[in-house]
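Protein chains in written order, with numbering that gives the first Met the number 0: chain A, 0 to 142; chain X, 0 to 79.
Hints in this document: simulated from the structure, not taken from any laboratory. None of these values were measured; they are calculated from a predicted model. Here a beta-carbon is modelled for each residue, glycine too, at the ideal position from N, C-alpha and C. Careful: at least some of the hints might be erroneous.
Calculated pairs, PhoX-like style, for lysine-lysine (alpha carbon to alpha carbon, straight line, at most 20 Å) [what the hints assert, rightly or not]:
id, chain 1, residue 1, chain 2, residue 2
1, A, 44, X, 75
2, X, 46, A, 43
3, A, 44, X, 38
4, X, 75, A, 43
Footprint (simulated), chain A over chain X, 3 or more residues, beta carbon under 8 Å [claimed, not checked]:
id, region
5, 7-21
6, 32-38
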Amino acid sequence: MEGIGLDRKYNMAKNTNNKPNILIVAGIMAWIIPGAGHWVGGRKKQGITIFVGVFGAFLLGILLGSIEVIDPQYHSMWFIAQILNGLPAVLTAVLQDSGTAMFAGPKGSELGQVYTSIAGLLNLFCIIDAIAPDVKTSNEGIL
Amino acid sequence: MNLLAMIFTTPMDIPITAGSLFWALPICLVIAMVYKAVKLDDFDDTKRVIREISLLFVTLIAFLSIAAVALNLIIKYVAN
């Protein structure tokens, strides 16, 4: 894989044997609150950036499409991606199920679904990085 | 309180126009931010971080634009 710049250094097992618990906690924290896994792991600036990015996209999605976009019953495939946002998605799903949301036009809703789902998938990326921080590609920087 | 509840329970009415394509900008910025937060080990050099995020953001927009032009051409000349 060296030829295409994907020379991965799988030294995770060596470095994480001493601290498996903190990585598990970081993974769970990363799911509950986006960015918290990096914060727990000592990468506070990354954690703040991830929180602003992921939670910002989730919130914008909710503003665009209302809390109705988180719908485990009728939009279950979208919900799989959305639930990766953690606590905000769970709380929204609970509120949505309680019947507080009202159905309206789908234009903002579709965009809201896309925003909240992409936010969730980005958070999955961050959860994996929080659990396995030492697995990096060698071509860091410039795309 | 009522206004706040209304904001979160009523979807925005977004017309399907050329201008609605600008809704791609915020999500591209978020993707660039989060990707670089994961990718870069050294996050202390703020100037470099901003440059890297900007570069990825511009690249995403450029390739989205190319894809849009290509799809438009396909619809115009191939599909018809």
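Now for the hints, and whether the structure bears them out:
1. Our distance criterion of 20 Å between C-alpha atoms is broken by residue 44 of chain A and residue 75 of chain X, whose separation comes to about 47 Å.
2. Restraint check for residue 46 of chain X and residue 43 of chain A: the C-alpha separation of about 17 Å stays at or below 20 Å, so the hint holds.
3. Using a Cα cut-off of 20 Å, the hinted pair residue 44 of chain A and residue 38 of chain X holds, with the two alpha carbons roughly 13 Å apart.
4. Simply put, residue 75 of chain X and residue 43 of chain A have alpha-carbon atoms about 49 Å apart, too far for the 20 Å limit, and the pair is violated.
5. Proximity of the region 7-21 of chain X to chain A, defined as three or more residues with a beta carbon under 8 Å from a beta carbon of that chain, is established by the 9 residues found.
6. Interface restraint, the region 32-38 of chain X with chain A: holds (7 residues with C-beta to C-beta distance below 8 Å; minimum three).
Checked against the numbered hints above, the structure breaks hints 1 and 4 and satisfies the rest.
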